[in-house]
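J.: These are the residues of each chain, in order.
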Amino acid sequence: MSTENVIEAKNLTKKFGDFTAVNKITFNVKQGEIFGFLGANGAGKTTAIKMLIGISSPTSGDANVAGFDIYKNAEYIKKNIGYMSQKFALYDDLTVKENITFYGGIYGLSRKRIKEKRCQLVEELGLQEVTNELVSSLPLGWKQKLAFSVTLLHDPKIIFLDEPTGGVDPITRRQFWEMIYKTANKGTTVFVTTHYMDEAEYCDRVSIMVNGKIEALNTPKELKEQYKVDSMNDVFLKLARG
Amino acid sequence: MSILIKHISKSFKDIIALKDVSFEVNKGELFGLIGPDGAGKTTLFRILTTLLIADKGKATIANFDAIADYKKIRNSVGYMPGKFSLYPDLTVEENLEFFATIFGTTIEENYNLIEDIYIQIEPFKKRRAGKLSGGMKQKLALCCALIHKPKVLFLDEPTTGVDPVSRKEFWEMLKRLQKKDITILVSTPYMDEAALCDRIALIQYGEILEIDSPQNIVKHFPKKLYNVSANKMYELIESLKNYEHQYSVYPFGEFVHYTDQRDHFNPKELQQYLETNNLKNITIETTNPTIEDTFMELAK
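Chains as they are written, first to last, in the working numbering: chain D, 1407 to 1648; chain P, 404 to 703.
Honestly, I wouldn't trust all of these hints.
In silico negatives: residues of chain P with every beta carbon more than 10 Å from chain D [to be verified]:
id, residue
1, Phe426
2, Glu497
3, Glu500
4, Thr509
5, Gln523
6, His551
7, Phe624
8, Asn669
9, Thr679
The list that follows gives simulated cross-link-like pairs (lysine to aspartate or glutamate, DMTMM-like), each with its CA atoms no further than 20 Å apart [said to hold, decoys possible]:
id, chain 1, residue 1, chain 2, residue 2
10, P, Lys571, D, Glu1569
11, D, Lys1588, P, Glu638
12, D, Lys1634, P, Glu657
13, P, Lys683, D, Asp1610
14, D, Lys1644, P, Glu572
No lab work stands behind these hints: they were computed from the structure. Built from N, CA and C at the ideal position, the CB exists for glycine as well.
Extracted from the complex, chain D is given alone in its bound form (with noise of 0.2 Å):
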């Protein structure tokens, strides 16, 4: 991990009407960090990851994601970041093959570059024998595994993940984070958003928000010393409902 961040907020905060979603956040992500983010339904957090990835302006506040500003770059942030959420947006008419082919177009990829990316996802997925299935008749597991790739597609300097392992096995919930750490480990941040909170103990840094507040950040040791609690589980029943 390097001490450069990749993402940076201060005082971000989002309003509807008389309701405020995000209050007033800041925190910092740093290259290749593995960043937890954390909260009860309805905290905040997809509002939050909204203006981050440069969907949502924000009410007040500034944030710089990718070096860029969320107000003024917004369509750079877009194209230097991967989000993938729990409902991935694969095309089930399509094939593996055109899936990735089309993904990498709408990044804007060179027709070289796509095929050499597929080539080497699909050898890396395991892939080579359903290139030209359809993907609806590929198991959830692998349609994530393929899902998360195609957020790495263009390359990214962060993958945003809202909840990837929603309903998947236990086998493969681990083998998902497997994958993780290995971006992490070729330098891409990851930030992720789960309700599993054993793979919250798989995190650099967690934060978790309350009510539109960030309320804890830190590493799961040193959450679980600072509330004497065990696990990230106990942690965050601390924490979320005040």
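Based on these hints, arrange chain P on the given structure of chain D.
T.: Here is chain P on its own, set in the frame of chain D:
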């Protein structure tokens, strides 16, 4: 016996959703069906709630046959599907009223059953169901599934995507319902919730792997399990995976859970191996297998 399932199989074209599934749920039991997406949990729920007919096998619910007595079953069970299935354009109050009327009862008649859940959403009773937060939708859905005082309650992944605090509250509600003589069959992909059931069935690819109490199911884990930690997690996992004697290596919170192929395994050897891979602050300690460890081993 509240639920009796005998040799149930179901296929959709060439996909086998359930393969010879048999188990029983006792009256008043909180029984967990634990398995990932695609394991066949929802198909089984749909068969037991008479919404789908099995290809083979037999099921009785509250002593009624799933096919011959399907109308009686529908009056005796509550079903909360995984997908939110209330009317989004009706208010909280209207939804509850609607379900009570459909079952020929009133909210007042069974209010004691839902009271401690309903009071949490009552401040929003004039709000349309579609505008509720996830946690509130889930509570309303549970109220609607309970309003006709069912003997058996089917809950299909009620806590998927729900945060740990709301999940804990939801399970506390289930424990209270159980005391009111309601048999509960609940499915979940969260292994930590399995520990809260009286008995659990582990299911994968349409087959039951094991049925036992949460305390006993971990006894099916065949190996001695070790917690391993070191200064660098990714390098630790990679090194352990490359170790010639490893049997299984899974990240588990702040540790890696490790088992060895050999019966006579000396942790010191592993320690030396990890040191030669430039890892520091190495700890290797025995630990007790969890339900998740057991599931992963049985699912291998």
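J.: Against this structure, judge whether each hint is valid.
T.: Now for the hints, and whether the structure bears them out:
Every beta carbon of chain D lies more than 10 Å from that of P/Phe426, the smallest distance being close to 20 Å; the non-interface claim holds. The beta carbon of P/Glu497 is kept farther than 10 Å from every beta carbon of chain D, the shortest such distance being approximately 23 Å. Non-interface call for P/Glu500 relative to chain D: holds, since the shortest CB-CB distance, roughly 26 Å, exceeds 10 Å. Once the 10 Å rule is applied to beta carbons, P/Thr509 is consistent with being away from chain D; the minimum gap is 32 Å.
For P/Gln523, the shortest C-beta to C-beta distance to chain D comes to about 13 Å, beyond the 10 Å cut-off, and the non-interface label holds. Annotated as non-interface, P/His551 keeps its C-beta farther than 10 Å from every C-beta of chain D; the closest such distance is 28 Å. With 10 Å as the threshold on Cβ separation, the claim that P/Phe624 sits away from chain D holds: the shortest Cβ distance comes to roughly 13 Å. The non-interface label for P/Asn669 is consistent with chain D: the shortest C-beta to C-beta separation is roughly 26 Å, beyond 10 Å.
Distance to chain D confirms P/Thr679 as a non-interface residue, since its nearest Cβ pair spans about 20 Å, more than 10 Å. Taken as a hint, the P/Lys571 and D/Glu1569 pair is honoured in the structure, with Cα atoms around 19 Å apart against an allowance of 20 Å. Simply put, D/Lys1588 and P/Glu638 have alpha-carbon atoms about 10 Å apart, close enough for the 20 Å limit, and the pair holds. Annotation: proposed proximity of D/Lys1634 to P/Glu657 holds, straight-line Cα distance about 16 Å (limit 20 Å).
This hinted pair checks out: P/Lys683 and D/Asp1610 have alpha carbons roughly 17 Å apart, not beyond 20 Å. With a C-alpha separation of about 14 Å, the suggested pairing of D/Lys1644 with P/Glu572 holds against the 20 Å cut-off.
Figure legend: structure checked against the earlier numbered hints; every hint is met.
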